[in-house]
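One line per chain: the protein sequences are A and B, in this order. In terms of the numbering used here, the first sequence opens at residue 1 and continues consecutively. In terms of the numbering used here, the second sequence opens at residue 1001 and continues consecutively.
Read the hints as simulated data drawn from the structure, not as lab findings. Among these hints, one or two may not hold up.
[To be verified] The calculated lysine to aspartate or glutamate pairs, modelled on EDC-like cross-linking and capped at a C-alpha distance of 20 Å, are:
#	chain 1	residue 1	chain 2	residue 2
1	A	70	B	1423
2	B	1220	B	1185
3	B	1094	B	1038
4	A	70	B	1416
5	B	1220	B	1178
6	B	1094	B	1114
7	B	1188	B	1250
8	A	70	B	1421
9	B	1188	B	1284
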Amino acid sequence: MTTRLTVNGAVVDAESDPDTPLLYVLRDELGLHGAKYGCGLGQCGACTVMVDGTAVLSCLMPLLTVEGRKVLTVEGLGTADAPGPMQAAFIAEQAAQCGYCIPGMMMRAQATLTANPGASEQEIREALEFNLCRCGTHIRILRAILRAQGEMQQAAASRPVGEDVL
Amino acid sequence: MALGRTLGILVPALIVVGAAGAYALTWRSSFDPVPRPDPASFDADLVARGTQLAAVGNCIACHTVPGGDAFAGGLAVPTPFGTVYSTNITPDEKTGIGTWSLAAFRRSLHDGLDRDGHHLYPAFPYDQFTLLSDNDVEALYAYLMTRRAVENQPPPNELPFPLNIRATVAGWKLLFFDSGRFAPDPGKSDQWNRGAYLAEGLGHCGGCHTPRNALGAREKDEAWNGGMAEGWTAYPINENSPAPIPWSADALAFYLRNGWHQDHGVSRGPMAEVTGNLGRLSDEGVEAIAVYTASRMGAPEVPDAGPALAASVIEAPGEGQTSDTQTQPEDTDEAQGQASGTQAQSEDAGFARGAEIYAAACASCHEGDRPQPYGGLDFHLSTAVNASNPQNIVIVTFWGLPPADGMASAVMPGFEGVLSDLDTINLLTYLRREFTDKPDWEGVGELVTATRTGEHPVSVRPADMIERAPRNLGAKEEP
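Kindly produce the complete structure, drawing on both the sequences and the hints.
This is the structure:
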């Protein structure tokens, strides 16, 4: 039995058991190692990915609830050669120390700005509150997200009407 | 739409009553402003007693914007009639109650009038605070007048005509408000009376736990029969309590003090603020409230039967092993007419789907070994799943229990992004059938959609909502 879903734009037929957490499917079956296993209890945010535009904790999401849905992971935001705006901003601000929480941070931020492109700094802080960073680079992370927001808004302003990026 | 219907009744009623009562009732004298009392002039013991009383009254919850200054007001309180903003009750002379004399303060609690003599909207529960003794009013006054003065002018209320005219409240009072102090029942113990005084008056439990009529007044003959608070269901806390294990006075005292109980789970939603504040109260006060409340629920006058009873409830309907979804829950004790229908539905695809989701996403915590409050509650014990209305289990399923800052707390991740509306319905249907002997809920689908979209607004805050406010010094002050 397989479960069909879309991961970073590609249709995938996952063969893992339906009760397998999406995180394990991404990492073990699909080889996407961006999303991290932190606590496994939905309390740290390291495994955050986007499903249908919303940030979810992939360690808690059974594969059976992802059927037919669109998953976006940090790998879907860009590549090492051509990083997307969120990734480029994190690089520019050197927002990582150990980096373990960063993919989750980026996906939570991406979901927040997708839903609310003009989010205030306070709204971004509140949205990110759930995601833990034990190195304490929060100030840089926040700067990176604000930088990404600026670049995304500029890009949106110069983009032809109707073009849909995500 | 509901508002329109309500107003259809409300407007003529209030105009008639308001006109009749206006001459007699609307005009009230003004108390002259006084210089702000010197905080040092209040006796420390009186202030300490006021601290405890303010915790019972949960004043801070409405009079503080989360993250803002304690008691500075400005919190938007949604009502079926419009939005009321809480007032600044710090001793600031310009925007707070700094120029209020004790007499003016007493009148606001007992009769619902501000210092100038304007009627206060009954979102401020003076219909219950009116029971307060003069001594306790004085202690509350001492407490508030020794808080830090904060200059903050709350936004104006957003109420439609004619409700925006405070004189209409005179008509409401004529219909629904009786001013009067608490009268103890001589046939009951001192402790029971103490609890009744705190719970019915300052504690204003009925503010949320009693249903309200079309004019927003408590239904007096349905006292404590369940109501609403910030989008959450406030369960019946009388003999109709839906708790699978009946509450005992001991269990209630523990719950009110700690915000959780082994057989009942954790308090959340607006009740988390209540238990967070009551935890700061003296044991004497909490126990009195518990004794009184337990008697309202019909608790037997016997020692807590807790563990044995818990075991029997857990073992009662179905063994809860989710793998055998073909097995029927033991529904046969239900209304005979429904039995076959329920049985048939139990085999349907939605139920099986719900069982799969439960096994994959819920069971690892909710059937784990961690005790309350950190482990998931066995759903056999869940009041939310046993209640006649699924509102609270919908809220918790979507948004979980946000963690408290800087302290160990109950925590549950939200599943809003994980579960589609249909899967949420499937899961809730499964929980209801598998873990209770109650009939299916009606209208779960509409409720799920309205809650997710915000059409039915709810507040979701961490259990320590008050304490998390960084500048909220008053909230952390010890008695």
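Here is how each hint holds up against the structure:
{"no.": "1", "hint": "A:70 / B:1423", "verdict": "17 Å, holds"}
{"no.": "2", "hint": "B:1220 / B:1185", "verdict": "18 Å, holds"}
{"no.": "3", "hint": "B:1094 / B:1038", "verdict": "16 Å, holds"}
{"no.": "4", "hint": "A:70 / B:1416", "verdict": "15 Å, holds"}
{"no.": "5", "hint": "B:1220 / B:1178", "verdict": "12 Å, holds"}
{"no.": "6", "hint": "B:1094 / B:1114", "verdict": "14 Å, holds"}
{"no.": "7", "hint": "B:1188 / B:1250", "verdict": "18 Å, holds"}
{"no.": "8", "hint": "A:70 / B:1421", "verdict": "16 Å, holds"}
{"no.": "9", "hint": "B:1188 / B:1284", "verdict": "17 Å, holds"}
In summary, this structure violates none of the numbered hints.
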